[in-house]
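K.L.:
Let chain B serve as the given structure and place chain V on it in line with the hints.
Each chain is listed here by its residues.
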Amino acid sequence: MNSLVCIKQVPDTTEIKIDPVTNTLIRAGVPSIVNPFDSYALEMAVRLKEQHGGTVTVMSMGPEQAKEALRSCLTAGADRAYLVSDRAFGGSDTLATSYILSCALQYLEQELGKFDLIFCGKQAIDGDTGQVGPEIAEHLGIAQLTYVAEVEMKNDKTIRAVREGDSYREVLETDLPAVITVIKTAWEPRHGNLKSKMAARRAEIPVITAGQLSQIDVTRIGLKGSPTKVKKTFTPDLKKSGVKVVADDTGDCACNAAAYLAGIKAI
Amino acid sequence: MSEHRNLWVYIEIENGKAKSVGLELLEPGRRLADQTGEKLVAVIIGKDLEAVIREVMSRGPDEIIVVDREDYSYYNTEAYTYAMEQLVKKYRPSTILIGATNNGRDIGPRLSCRLSTGLTADCTALGIDEESGNIAWTRPAFGGNLMATILCPDSRPQIGTVRPGVFKKVKADSARSVPVIREELPVPAGTVRTRLIEVIEDLAGEMVNLEEAQVIVSGGRGLGKPENFSYIHDLADAMGGAVGSSRAAVDAGWIGHIHQIGQTGKTVQPRIYVACGISGAIQHLAGMSSSDIIIAINSDPDAPIFDVADYGIVGNLFEIIPALAAEIRRLKSGA
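Protein chains in written order, with our numbering: chain B, 292 to 558; chain V, 110 to 444.
Hint data in this document are derived by calculation from the structure and do not stem from the laboratory.
Here the structure is a predicted model, which means the values were calculated and not measured.
Built from N, CA and C at the ideal position, the CB exists for glycine as well.
Incorrect hints may have been included.
Straight-line distance between alpha carbons at most 27 Å, and here's what the computed DSS-like set of lysine-lysine pairs gives [stated by the list, open to error]:
no., chain 1, residue 1, chain 2, residue 2
1, B, K340, B, K448
2, B, K523, V, K277
3, B, K556, V, K441
4, B, K523, B, K308
5, V, K126, V, K280
6, V, K441, B, K535
7, B, K531, V, K278
8, V, K148, B, K531
9, B, K522, B, K308
10, V, K280, B, K556
11, V, K278, B, K556
12, B, K488, B, K530
13, V, K277, B, K530
14, V, K148, V, K334
15, B, K515, V, K198
16, V, K148, B, K522
17, B, K358, B, K515
18, V, K278, V, K148
19, B, K556, V, K277
20, B, K520, V, K198
21, B, K308, B, K530
22, B, K520, V, K148
23, V, K277, V, K334
Computed Cβ-Cβ distance ranges for the label pairs, DEER-style [as the list claims (entries may be wrong)]:
no., chain 1, residue 1, chain 2, residue 2, range
24, V, L305, B, V521, 29 to 39 Å
25, B, E400, V, D263, 30 to 40 Å
26, B, R493, V, L305, 42 to 52 Å
27, V, Q195, B, T510, 46 to 56 Å
The shape of chain V in the complex, shown without the other chains:
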């Protein structure tokens, strides 16, 4: 175990760019590495990565390991796991942080299992256990009803996936320059059994990247009918936000599952979350209660959503939303 050193942050690539969460993780990564006296290393796997390398460099790692070749032009479980396995075996990191995106949660267990080590999923807080010096991984369970702090005492690397939006990116410093180590790692024939046939892009505007949205406006059962999601779209448009929903509205068929926030949907942590006509069942709260600021609009003064709201408005959302959207537009235009 003692020969394992350095804290790695896995930088996930999507459409040729670093996903936000990987850059975010360089912030706690720096803090933890300083505490343990280790180097903070960013690991980037993909194709045509020069711009990404510059972006990552500006966010403060001590070193960057890059695998840049055709074999990795698109995420593939088997190819990427192979690359990470080879890198871990060669460089022996003590800790790996991975963003808890769908692809991060795809490679994390595959890699940790191959390395016979522990993985903690969906962390929302990271620290060092004072007694043992291990990473203390804190994560929600039971739909957000319970928090658990997990250690991986006897095997290395200790690996965790961390939710997007929990940590804030450090300010970019484009003057920084750090060593870049390049590895070739061609994928051996027979490794890849899964083939990408087609990417279905977000053509209809239906797919929304809620995990990375700064502002989310969500609608629930209180909207009454599918057409009334136009109120939510209007406010989201005024605020420059994405559209979310509660499970009730999805189950009623008013909006696609891709918008669902909560235990069986997405977990989000935007700066501003506006819940409209959402009562605030624990399953919904599990998906959004870590938002920085929560605004609730609901006609029921006793709705549990008000318990977690920073700013609650009791009233008729069909009157309040258009008025609020208009006022926001007026303020934004400086009129």
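So that you can see chain B by itself, here it is in the shape it has in the complex:
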């Protein structure tokens, strides 16, 4: 059971603030983390490995500093890590990113053998698109299972997964290899211990560049190879000048609030 987990280093959006003067995001000093959904995906892969053997490889596309995120994945149970990094990859949208990752995956398979399962988080908390996982599956021509909460091996060639719909859950089976995108799971990802932290700090993380991917079509990568373009960005104004009342008398307060709801035809 050989798994590849695609992870992304993202700014901790809980720490992002808006500059009140320029009305833009302040990203300086904001800590970088492994995208939380990718951590759930990694934990799922590691648990499968513990049950069935095999290896867990992690891969991330990003700048040199993304090695830090890969190291924390090594601490949390991954066996080896690769960084996909090249200036030519910069500015890629999800289609170009997924294409690069699928090329890097095929490159790794020459060295490591075939991956049975490719895990991604359901979406990254910075872009929030959820597109890279299904697009990797399409580039590779393999099955995808999105919004997966649980997975188990049915036999060597088949997995069974619980997938979340909007208002139901469904059990699906699919043939391997397949791409799985993972939602928040019932358990928390492990953090590793001192020993695994030490090992992760010493681990070598090879970098895969555009030059190594001999098959890659350079017209399909980077800003130029991306069909979508960002026209503009702006910060939303969430603040409202609503009514705020202090509930000195519970009965009066409830009456007023109910009258307000009736006034806007909410009840």
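P.N.:
Chain V only, in chain B's frame:
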């Protein structure tokens, strides 16, 4: 590119019915198609669709394309992507709108990748870029901290998923009649690798369709303990709403993840959102700040939830909620 014409709305089917978001999208679809001088076309894939076709027809498309056969009796990524790919290749639409449900966000990237075109996820506003005439897709990112407007200038169709609840359905007109084009599209053997084994329905009432709820009452850390979610259930019951929660209450194990609203949970846009004992961290706001009316009940007068609330009550929620629920029931009963 010039041979691509018409704006499509993908109508998602669940349990034999059109999901609300597909019908909602016919409203902006009509507006955009009128602006570009194109036809608005609804596309429906499923099984036994006659009632759905009538419902969709009443909401104003110029034309409906239907694929109705056993192969599509239940959503399957590979089968549905195959059907959409074939339809796009045959009819060459310029634009496709898809609801940003789990299944919409499953087929969207699979289809756009197969067609080598651009996809913009989770849009909350749609317009036309004046300079280029492309669709201007506006969407939140960074957990709602930033909005971005995206264009897909050089490839067609331009595709976007759009969040449920952003647009309102146009009024149904059952007298309308428009052409219905039927396509067979049997799924070729070997296309489908994923098999549905079982649907786990919402038997325990645990699964709630928050995305389509008109009223949501949510509880957070301020409830103090799991049993106190009974207060939330009581108010939700009085208001005819669904129960949501903040991440804090989910992480504490007081309520299931399926109820979580916010960045790592669901994004909702009900008419009325009542936040009880929720402080209003940006991650929670990212999931609910687009609600039409926000009511906040919190004991901390400085809680950030009050910044986004239309009606804020500072006080003890264990006293206010039962009183409010009782008053609402009294008003509703006309007593």
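K.L.:
Hint by hint, note whether the structure agrees.
P.N.:
Structure-based check of each hint:
1. The hinted pair formed by B:K340 and B:K448 meets the criterion: a straight-line CA distance of about 15 Å does not exceed 27 Å.
2. Of the pairs offered as hints, the one joining B:K523 and V:K277 holds, with about 26 Å between alpha carbons and a cut-off of 27 Å not exceeded.
3. With a C-alpha separation of about 11 Å, the suggested pairing of B:K556 with V:K441 holds against the 27 Å cut-off.
4. This hinted pair checks out: B:K523 and B:K308 have alpha carbons roughly 19 Å apart, not beyond 27 Å.
5. The straight-line distance between the Cα atoms of V:K126 and V:K280 is roughly 18 Å, inside the 27 Å bound, and the hint therefore holds.
6. This hinted pair checks out: V:K441 and B:K535 have alpha carbons roughly 24 Å apart, not beyond 27 Å.
7. Note on B:K531 and V:K278: the hinted pairing holds, with a Cα-Cα distance of about 26 Å set against a maximum of 27 Å.
8. For the given pair, V:K148 sits about 38 Å from B:K531 by alpha-carbon distance, which is inconsistent with the 27 Å threshold.
9. With a CA separation close to 22 Å, the supplied pair B:K522 and B:K308 stays within the 27 Å bound.
10. With a C-alpha separation of about 19 Å, the suggested pair V:K280 and B:K556 falls inside the 27 Å cut-off, and the hint holds.
11. At most 27 Å may separate the alpha-carbon atoms for a hinted pair to count; V:K278 and B:K556 meet this at roughly 18 Å.
12. As the CA atoms of B:K488 and B:K530 are separated by approximately 43 Å, the hinted pair breaks the 27 Å bound.
13. Note on V:K277 and B:K530: the hinted pairing holds, with a Cα-Cα distance of about 23 Å set against a maximum of 27 Å.
14. Proximity of V:K148 to V:K334 is assessed by CA-CA distance (about 54 Å); at most 27 Å being required, the pair is judged violated.
15. Note on B:K515 and V:K198: the hinted pairing holds, with a Cα-Cα distance of about 25 Å set against a maximum of 27 Å.
16. Note on V:K148 and B:K522: the hinted pairing holds, with a Cα-Cα distance of about 26 Å set against a maximum of 27 Å.
17. For the hint pairing B:K358 with B:K515, the CA-to-CA distance comes to about 26 Å; that is within 27 Å, so the pair holds.
18. Annotation: proposed proximity of V:K278 to V:K148 holds, straight-line Cα distance about 18 Å (limit 27 Å).
19. Under the criterion of a C-alpha separation no larger than 27 Å, the hint pairing B:K556 with V:K277 is consistent with the structure, at around 17 Å.
20. Of the supplied pair hints, the one linking B:K520 and V:K198 holds, its CA atoms being roughly 24 Å apart against a limit of 27 Å.
21. Of the pairs offered as hints, the one joining B:K308 and B:K530 holds, with about 14 Å between alpha carbons and a cut-off of 27 Å not exceeded.
22. At roughly 26 Å between alpha-carbon atoms, B:K520 and V:K148 fall within 27 Å of each other, so this suggested pair holds.
23. Distance restraint check for V:K277 and V:K334: the Cα-Cα separation of roughly 37 Å exceeds the 27 Å cut-off, and the hinted pair is therefore not satisfied.
24. For V:L305 and B:V521, the Cβ-Cβ distance of about 38 Å falls inside the hinted range of 29 to 39 Å, so the restraint holds.
25. Distance hint check: the CB atoms of B:E400 and V:D263 are about 32 Å apart, consistent with the given range 30 to 40 Å.
26. A C-beta distance of roughly 46 Å is found between B:R493 and V:L305, which places it inside the suggested range of 42 to 52 Å.
27. Checking the proposed 46 to 56 Å range against V:Q195 and B:T510 shows it is violated: the Cβ atoms sit about 26 Å from each other.
The structure fails hints 8, 12, 14, 23, 27 (numbered hints given earlier, in ascending order).
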